[in-house]
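Protein chains: 4
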Amino acid sequence: MIVVMAPAADAVEVEHVIARLVERGFDVHRSTGAERTVLGVVGPTADLDPAELSLLPGVEEVVRISSPYKLVSRAFHPGDTLVRVRDVTFGGEEVVVAAGPCSVENEDQIRRTAAAVRAAGARLLRGGAFKPRSSPYSFQGLGEEGLALLRRAADEQGMALVTEVLDPAQVPLVAGYADMLQVGARNMQNYSLLRELGKAGKPVLLKRGLAATIEEWLLSAEHLVVAGNRDVVLCERGIRTFETATRNTMDISAIPVIEKRSHLPVIADPSHGVGIRDKVPAMARAAVAAGADGLLVEVHCDPDRALSDGAQSLFPEQFQALMDQLRIIVPAIGRSI
Amino acid sequence: MIVVMAPAADAVEVEHVIARLVERGFDVHRSTGAERTVLGVVGPTADLDPAELSLLPGVEEVVRISSPYKLVSRAFHPGDTLVRVRDVTFGGEEVVVAAGPCSVENEDQIRRTAAAVRAAGARLLRGGAFKPRSSPYSFQGLGEEGLALLRRAADEQGMALVTEVLDPAQVPLVAGYADMLQVGARNMQNYSLLRELGKAGKPVLLKRGLAATIEEWLLSAEHLVVAGNRDVVLCERGIRTFETATRNTMDISAIPVIEKRSHLPVIADPSHGVGIRDKVPAMARAAVAAGADGLLVEVHCDPDRALSDGAQSLFPEQFQALMDQLRIIVPAIGRSI
Amino acid sequence: MIVVMAPAADAVEVEHVIARLVERGFDVHRSTGAERTVLGVVGPTADLDPAELSLLPGVEEVVRISSPYKLVSRAFHPGDTLVRVRDVTFGGEEVVVAAGPCSVENEDQIRRTAAAVRAAGARLLRGGAFKPRSSPYSFQGLGEEGLALLRRAADEQGMALVTEVLDPAQVPLVAGYADMLQVGARNMQNYSLLRELGKAGKPVLLKRGLAATIEEWLLSAEHLVVAGNRDVVLCERGIRTFETATRNTMDISAIPVIEKRSHLPVIADPSHGVGIRDKVPAMARAAVAAGADGLLVEVHCDPDRALSDGAQSLFPEQFQALMDQLRIIVPAIGRSI
Amino acid sequence: MIVVMAPAADAVEVEHVIARLVERGFDVHRSTGAERTVLGVVGPTADLDPAELSLLPGVEEVVRISSPYKLVSRAFHPGDTLVRVRDVTFGGEEVVVAAGPCSVENEDQIRRTAAAVRAAGARLLRGGAFKPRSSPYSFQGLGEEGLALLRRAADEQGMALVTEVLDPAQVPLVAGYADMLQVGARNMQNYSLLRELGKAGKPVLLKRGLAATIEEWLLSAEHLVVAGNRDVVLCERGIRTFETATRNTMDISAIPVIEKRSHLPVIADPSHGVGIRDKVPAMARAAVAAGADGLLVEVHCDPDRALSDGAQSLFPEQFQALMDQLRIIVPAIGRSI
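These protein sequence lines are chains C, V, S and U, in that order.
Start counting the first sequence at 0; every next residue gets the next number (numbering that gives the first Met the number 0).
Start counting the second sequence at 0; every next residue gets the next number (numbering that gives the first Met the number 0).
Start counting the third sequence at 0; every next residue gets the next number (numbering that gives the first Met the number 0).
Start counting the fourth sequence at 0; every next residue gets the next number (numbering that gives the first Met the number 0).
No wet-lab data here; the hints were simulated from the structure.
The list treats identical chains as one, so a pair stands whether inside a single copy or across any two.
Each computed EDC-like pair below joins lysine to aspartate or glutamate, with the alpha-carbon atoms no more than 20 Å apart:
1) K201 with D154
2) K201 with D86
3) K259 with E92
4) K259 with E60
In this text, all values refer to a predicted model and were calculated from it rather than measured experimentally.
Bound conformation, chain C alone (with noise of 0.2 Å):
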């Protein structure tokens, strides 16, 4: 952390910030300069509150000068981790989809919907049991008994599943059906949930808060893999901004600023990105070739009566359409589908 004292500061003040910071066990590298002091704070900052320096008398500006996150960080992991889901490796060459309905609704439509996205291509089955949603008079999931259904339907396929988990109490339950964990956007700082998932011996699927900085976002990250589980997979899912045109607006550019700072892999979900079906395999080529390493759609054999989120599900001849398009872009990035 740098200390900017301003150019008034005297020197009674600028002894005043280094005494609190050497009592709280830091040590502090002055630099005096013509107009003003500079002081390099050294030890473990991470807990150390800019606001507070900045509030001290003669102070100007405090500047925190490494990331708050460290084990999922280039610097300390400079090469791509690879998360293996069964047979699948997100990370790599091959850019992953995941397909499926938002919620599984029941069996034939669950059996159905996996025979479609498997026969143009997607690697997980994705599907919801456990339901979070804003009106508490909408439909709220199947529970276990989706759980099952999800899992005899990508068992059918081989396909590897991926389902979200609400609560902590529920991670060891999910974890017996499912091959990966997905925390949602509203969960992406429910730590007591994080703490838990660190400790379920399945990777996790880590959506980006609705509102969270990307700094945030690994923070969340970076609390998994403090809790004990490495296998994390980051997925941009739009961010909420001025703009009612779509639900929300998909931050594109977070793929290459993810993939410059954090050695995780990232992917994409362009159905809950803009929330609208005709929209959604535009944003899917859009975040294939900016470099995402997989894909998350919603699909649906018959969206139009979709217990949830039918309006973005896109149907099983459109995926199979959006499929064929990524195979002709992905060569540009070096990359195979």
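Let chain C serve as the given structure and place chains V, S and U on it in line with the hints.
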């Protein structure tokens, strides 16, 4: 819900939309005009997704005309709800102030702070024993030991106690110590937690999420009421915007908006709203002048040595000065403090 | 416009709203239901403020059902508009690339850069002679001398020229040199400038404002068309959000949204979109994959010594590599480059 | 500016950065630590782009340590600047209120409104003759005829007059009628206009842009001061956020932030801030309680029939009631009204 057909929509398209709605159990009121047809959808539309209808051929726009929340709306209950926490009443003539440190750190700190805020006029003691922290390396709170210290300090001063609960499994424990249970901004859409709090038998203080619209915030309150708890106090604590000069942007206008839309009391947390001590009194005055039913203020007996959020905690004498200013302001809006 | 009366509204309140609307010259279509009354307002409602009606007693909500722009909408003109700038056509099968430095600095710089981007496949030369700068202490551009240098470099390479105009009084001067006139993000709602450009006789490149909704952006295009200029190309260049990891957040989803709502071509500016060179190619690929009709890319023959925006300018060889990638991508969407 | 080298940066990379900076004319202060090297850049860095340096090999982060504005900062001028508009002073002990209609519509309207706001205690008359409107189909103002009507109404009441100017070419005309020239939110970064206003010889009211950071807002004020006009009053009028319940989100915290960073007076416009009449008094009270040096309030003698922004204009009796409330509040902050 109202479905506006495009001017170019033909009779087949209109009939198709009507058929789809009737199939889902709704009544449809059709209004045919010179330029276009408008359909009124009658029935329980809370779970009907406007986006889904908007994809049908010939549809130009779909508009939800009733708010998705019911029990918390003024339309449902025109009078003000009074929430009683021991001998204190939120939503009445008195502007209720809760004050205390961000975290309870030790017995001396919490006892001294409680005495100071009580002397200045605070009616509730606030303080965290379980802390949600972005960084896994930050102080996470004292846990149950902290709850016991808070309880003793509150009792000593004859104050009610409000503290945060993070995990559904902790609700009974925290409810055993506290008079009011706080849901933090990161957990506003943690529905497992809200469901558990519905059965807690203690009033809930529901903070607004960092990126939550007022509608989503009221929907989370609806979750609490549906789950069985009508004693809900809302708390504005700043939203995330592009401005970085303050930690968050406090949405003071949410106060009159909530007052018009809901019968629930709404208070404000200026400490998290701006995140830096020297702007807290200005924002506290602003919130009260705008009509807030109360304040949640961070005060620490020695902010410079606080283990968390020291930079936004007031010194006891600053809190006293603020209370004096508020006593001048409240008659302007017919309140007392 | 539709006026939704509250369930509790009585007959007097309904009549009062109708009388007010009739007095303003509108026809009102009344639909009385079991639960509530809904009024359809017929007539030229573009200048009727929904907020005004919403304040009348008994009104619950007011909904605008037609877009406030007309001439630029797909409803008005279903086919794609082709905008011709010399021998280049925006909005057709070709993805059109304009490239060049942020600012023209001297003859050598602009000639070398023009030659490089031409060789790689750019069809228009871009470059600024009048620069809007947040700081009054920054380089403000070469002015008319810069225009002459740009014109000569473009002619030498047989390229069309696009450059920014800042002030209504400068329009004739800039139109004397350039083939296409650019309106920068800061001027998207500078209506004096738009009015002047309506009469300029040259196509306009209209950048999206930093905080402009897609609707406001199309309304600014409508200003141009109403003022007499139908040759408008829209340009997405990033919006302001809470995320600070990139200079702006490029709203790639605006591309398919515009394509659905308007007949005007839409291109993307990845250089301003992310603001840092190493992420520009990823965002350029994303925009084209999402269906953009073209790109505006900053390229500088020596970015490290650029007088403005060097950090977001590509080296010529990076631009060449990007064009090669785009040639692989465009067949996926049935385009050429 | 401070350049933080990555821990892994080697001596060659450090030397390369230093050479580049020295070549650009800066002095470099090098501080070599156990973990990393930090470079202090000394000299006129206002025009040095941090993003550019951040791309050099081995650089981890670049931090600007001085604000890019100078003349408007408190560091440059610690005392409060008083801006005099005729007999009214902004920035002193008095909270100055400017009130009047959004647009001047006719003689009767402006005379009646001026008389009403004067009687209630307003010191300046506000009203628009040139209106920037998102839609080309909306009322655009009466032009010079409107200026004359405003001037006469202000004179009749002995009030100063503030009105908006849109175009650099109009500055002399508007300055011939008005006592204070307003720059609207859409024109905050219209540098041609700011340059012209620098020479206008009349005080300027500079509204904050919808998506402008406080730093950019102060930089626009710096443009005015550099161009020759030191009489600048800032006006917060709401920023654009994700919340749609109000027209904008009024950033009340900008008031104490500006007060700390700049010596210029800052006032608030609650009418545009929330955009709907019933919330205006609450926000006006909040702004004053937070320390605003004044208010700009829309009042109309017959708001229901206003040609623009009627919904956010107060009735004269509401304005009177508001002024009465403010008189109770201001002693809390040591001010008068």
